[in-house]
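In the working numbering, the protein residues as written are 45 to 266.
Please keep in mind that the hints were generated in silico from the structure rather than gathered at the bench. One thing to keep in mind: the hints can contain errors.
Claimed, not checked - Only pairs whose alpha carbons sit at most 20 Å apart, straight line, appear in this in silico SDA-like list of lysine to any residue:
#, residue 1, residue 2
1, 195, 82
2, 90, 106
3, 195, 232
4, 195, 121
What the hints assert, rightly or not - What follows is a set of in silico ranges between Cβ atoms, one per label pair, in the way DEER data are often shown:
#, residue 1, residue 2, range
5, 88, 239, 32 to 42 Å
6, 126, 68, 41 to 51 Å
7, 78, 192, 16 to 26 Å
8, 224, 140, 40 to 50 Å
9, 228, 124, 31 to 41 Å
10, 247, 71, 26 to 36 Å
From the three backbone atoms N, C-alpha and C, an ideal C-beta is built for every residue, glycine too.
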Amino acid sequence: DLSRTHEPSFIRPTTGVDRDFVALSLVGAFIIDRTDNPLNARNGYKADIRLEPTIISGDANLSYLKLVSQASIYHDFTNDGRSVVAARARIGALLGGSIPDLPSGRRLYAGGGGSVRGYEYQGIGPRYNDPDRTPVGGLSLIETSIEFRQKLTDKIGMVGFIDAGTLGLTSSPDFGEFRSSLGLGIRYDLGFAPLRFDIAMPLNRPQGDSSFQFYIGVGQSF
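Use the sequences and the hints to build the structure in full.
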């Protein structure tokens, strides 16, 4: 993957100048899926690991390795899909580079749907003092989720969940800065997949952010 990027000056407030750079990346992935349904798993597990070595040249000159891995497990307690527990964990690290030298678009982020629900998109971690309060990003992350999925009728189900995560400014996770959330959801069976409606509340809400987030999608959240 070869890309050209322009980065605004507030990303590097100590210099106050924009940057232009070119990045060359190679992506390798290993994926295993032993679930019974990719959109609505009830039993089994799945995992993946992705490696992305990158060389950057231009106004930024550095090389680094991005490592991200995720695993999920599912168990159907009733053997008919009515009561399912699902759990997910995701870890990531950037080896090489530092903040602010590493371009913002290449950093790790946490928060929002598919991450830690209840928080704004990429809303976990420090932010810049620009008008949009742009997330800084990080060099390491940990995310965890657990859901209890209960069918009420053949078509309708409910979900309760807890999400948590942390974003570190170094390659080692910051375990003292975990952010968590609670949420509830409704599922409507479309036949091929559930239609998902979730609402989540952050338990460590950043100042100025919303007190809840709402999500709609097709398929389970993980």
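Hints versus structure:
1. About 18 Å separates the Cα atoms of residue 195 and residue 82, which keeps this hinted pair within 20 Å; it holds.
2. The suggested pairing of residue 90 with residue 106 is violated, with an alpha-carbon distance near 33 Å, which exceeds 20 Å.
3. For the given pair, residue 195 sits about 9 Å from residue 232 by alpha-carbon distance, which is consistent with the 20 Å threshold.
4. As the CA atoms of residue 195 and residue 121 are separated by approximately 12 Å, the hinted pair is consistent with the 20 Å bound.
5. In this structure, residue 88 and residue 239 break the distance hint of 32 to 42 Å, their C-beta atoms being roughly 22 Å apart.
6. For the pair residue 126 and residue 68, the supplied restraint of 41 to 51 Å holds, since their beta-carbon distance comes to about 50 Å.
7. A hinted range of 16 to 26 Å holds for the C-beta pair residue 78 and residue 192, which are about 21 Å apart.
8. At about 30 Å, the beta-carbon gap between residue 224 and residue 140 misses the expected band of 40 to 50 Å.
9. The beta-carbon spacing between residue 228 and residue 124, approximately 23 Å, falls outside the hinted interval of 31 to 41 Å.
10. For the pair residue 247 and residue 71, the beta carbons lie near 35 Å from each other, so the given range of 26 to 36 Å is met.
Of the numbered hints stated above, those contradicted by the structure are hints 2, 5, 8 and 9, listed in ascending order.
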